[in-house]
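Student: With these hints in hand, go ahead and build the complete structure from the sequences.
Those protein sequences? They're chains A and B, same order as listed.
Sequential numbering of the first sequence, starting at 0, is according to numbering that gives the first Met the number 0.
Sequential numbering of the second sequence, starting at 0, is according to numbering that gives the first Met the number 0.
Just so you know, the hints here were simulated from the structure itself, not pulled from any lab data.
Every value quoted in this text rests on a predicted model; they were computed, and no experiment measured them.
Hints should not be assumed to be uniformly reliable.
[Claimed, not checked] Estimated spans, in silico, between C-beta atoms of each pair: (1) A/251 x B/49: 22 to 28 Å; (2) A/420 x B/78: 34 to 40 Å; (3) B/49 x A/480: 31 to 37 Å; (4) A/416 x B/49: 28 to 34 Å; (5) B/60 x A/301: 31 to 37 Å; (6) A/301 x B/46: 38 to 44 Å; (7) A/276 x B/59: 46 to 52 Å; (8) B/49 x A/62: 40 to 46 Å; (9) A/269 x B/78: 22 to 28 Å; (10) B/74 x A/255: 41 to 47 Å; (11) A/475 x B/60: 33 to 39 Å; (12) A/59 x B/78: 29 to 35 Å.
[As the list claims (entries may be wrong)] Derived lysine to aspartate or glutamate pairs resembling EDC-like cross-links, with alpha carbons at most 16 Å apart: (13) B/1 x B/38; (14) A/83 x B/73; (15) A/1 x A/23; (16) B/88 x A/323; (17) A/383 x A/264; (18) B/1 x B/28; (19) A/110 x A/146; (20) A/411 x A/146; (21) B/88 x A/12; (22) A/83 x B/74; (23) A/411 x A/323; (24) A/110 x A/95.
Virtual Cβ for every residue (Gly too), placed ideally from N, Cα, C.
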Amino acid sequence: MKLHELTIREAHDLLAAGQVSAVELTEAVLERITALDNAIKAYLTLTPEDALAQAHAADERRAAGEDTPLLGIPLAIKDILCTKGIHTTCGSRILESFIPPYDATAVARLKAAGAVLLGKTNTDEFAMGSSTENSAFFTTHNPWDLDRVPGGSSGGSAAAVAADECLGALGTDTGGSVRQPAGLCGVVGLKPTYGRVSRYGLVAFASSLDQVGMLAKDVADAAILLQAIAGHDAQDSTSLDVPVPDYCAALTDDVQGVRVGVPREYFIAGMQPEVETAVRAAIDRMADRGAEVVEVRLPHTEYAVPVYYLIAPAEASANLARYDGVRYTLRADDGGLNEMYRTTRGQGFGPEVKRRIMLGTYALSAGYYDAYYLKAQKVRTLIKADFDAAFEQVDVIVAPTSPTTAFRIGEKSDDPLQMYLSDVFTLSMNLAGICGLSVPCGFDADDMPIGLQVMGPALGEQQVLRVAFAYEQATGWHTRRPPLSNDGKRS
Amino acid sequence: MKLRREEVQHIATLARLALSDEEQALYQEQLSAILEHFERLQELDTEAIAPTATVLPLRSVMRPDEPRQPSSREDILANASATEEGCFKVPAVLD
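Tutor: Okay, here's the thing in structure tokens:
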């Protein structure tokens, strides 16, 4: 097995046994990036010199007797998490030359754990999108078929993991932006409970929904990454001040007696038949292994798209007010103060960001606030209540991650409503603030990966990881790799 | 729910966004279609339902008031497009 193909656990074992150094491992992954990323375009910024220096430091720490799970492990960071001294563009022209003076807490914790940071991965502008097509810089390509999107908004991180251009990555998930690209790229993507990971240094999109998540080659690696970054942070007043359990200890490969809920609202007309077949087969597999499968109802699921696409843009319209040409880089040189604001924002934001600022501003404006924003917040209460009731009956809920496998680049980019509707299975979890992940559960006739979503209640990461790990061990879908030759062409 | 062009212009003014005529026409059409789809929310009777602004229990978060080293002025100003005498510089607010 080649070094870049290793999981975090496998690489750790080789590092701990002294069979490979962090520098060798990092060089191997950097070579992989050099060979492939012209075709995949997962990275916006690469920091090979920093990475090698961090790898060298990790080797020294290991030589001094330290042994932690991420010591010397090469990882990638979505370009919406602040990295001190390293460009953080959020996929936007308006932050094209922004260099943060501090690290996001999640990034700082990875560094403290001895991880090697390779660079920053592509994202839809300000994480607004489901395909990376809204990045101001370029679209990332799905490693399973370069003509298709990797999903989004954490599409750069998902593609980098799928193409072995890193061993794991951080993403962010406001409405499915970790789980959906994970599903479309055939990797594991975990969205923790709202507040489980600090949002400090995560450039804000929709503050009541945003959460840092992780993309990994398997469930155990996702647990390791969560372990490293979870926990209270005084810098984020919404971070939960509750103990962090041992997530790796939850990976027991045993689902005997676990109650698995299946919501009929997640099997809808218009979904790709192969997705339903694969997810139904996965549920049967869990039943075979002793899980108790129960039908549950989430009756307000069909309202998740309008609720999310009113609340998230409303919060975004407030959060993005800070890009005013004064504090952050880009400024249009024009007229007085008000004209400078308008022109800077008109030039600096891309079409989807402007669309959402418009939508959110409208929903909050005088005369429409009650009909749109307040109404959406009330229906959010109903969506959350659906989950509360369901989790009284079951330990986890399983469903498809997306209604289809990866779509073609350009297929939906002219129709924002169709793009929004493709998020139908992931949005509710953010509205309810609960946790969940996507794990590979098969392939369609074109060999495109299918994702199984496993959802748990708030702070239910252990049961989610346990069920996903047991499923993964029983099936092995996660071990399949995209058929890429050394230059990124499909072989 | 069909947005009028003047409404699109009004929202753009509120949001401080300069939009071309083409963009105004596009957003008029797209936002109208999106809002029409969202009308389905009105089907639900939410008279007795409290709104959810955050999933967290509402609470004030307190911490000890301990002095710390703040970010340096130089670091913060480094990303600005124009500065003068250690301050952000903006175009004239008053003529």
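Student: Hints first: check each against the structure and report whether it holds.
Tutor: Right, here's what the structure says about each hint:
no.: 1; hint: A/251 x B/49: 22 to 28 Å; verdict: violated (39 Å)
no.: 2; hint: A/420 x B/78: 34 to 40 Å; verdict: holds (37 Å)
no.: 3; hint: B/49 x A/480: 31 to 37 Å; verdict: violated (49 Å)
no.: 4; hint: A/416 x B/49: 28 to 34 Å; verdict: holds (29 Å)
no.: 5; hint: B/60 x A/301: 31 to 37 Å; verdict: holds (35 Å)
no.: 6; hint: A/301 x B/46: 38 to 44 Å; verdict: violated (20 Å)
no.: 7; hint: A/276 x B/59: 46 to 52 Å; verdict: holds (50 Å)
no.: 8; hint: B/49 x A/62: 40 to 46 Å; verdict: violated (58 Å)
no.: 9; hint: A/269 x B/78: 22 to 28 Å; verdict: violated (45 Å)
no.: 10; hint: B/74 x A/255: 41 to 47 Å; verdict: violated (55 Å)
no.: 11; hint: A/475 x B/60: 33 to 39 Å; verdict: violated (45 Å)
no.: 12; hint: A/59 x B/78: 29 to 35 Å; verdict: holds (33 Å)
no.: 13; hint: B/1 x B/38; verdict: holds (12 Å)
no.: 14; hint: A/83 x B/73; verdict: holds (14 Å)
no.: 15; hint: A/1 x A/23; verdict: holds (12 Å)
no.: 16; hint: B/88 x A/323; verdict: holds (12 Å)
no.: 17; hint: A/383 x A/264; verdict: holds (15 Å)
no.: 18; hint: B/1 x B/28; verdict: holds (8 Å)
no.: 19; hint: A/110 x A/146; verdict: violated (35 Å)
no.: 20; hint: A/411 x A/146; verdict: holds (13 Å)
no.: 21; hint: B/88 x A/12; verdict: violated (54 Å)
no.: 22; hint: A/83 x B/74; verdict: holds (11 Å)
no.: 23; hint: A/411 x A/323; verdict: violated (30 Å)
no.: 24; hint: A/110 x A/95; verdict: violated (24 Å)
Violation of the numbered hints given earlier is confined to hints 1, 3, 6, 8, 9, 10, 11, 19, 21, 23, 24; the remaining hints are satisfied by the structure.
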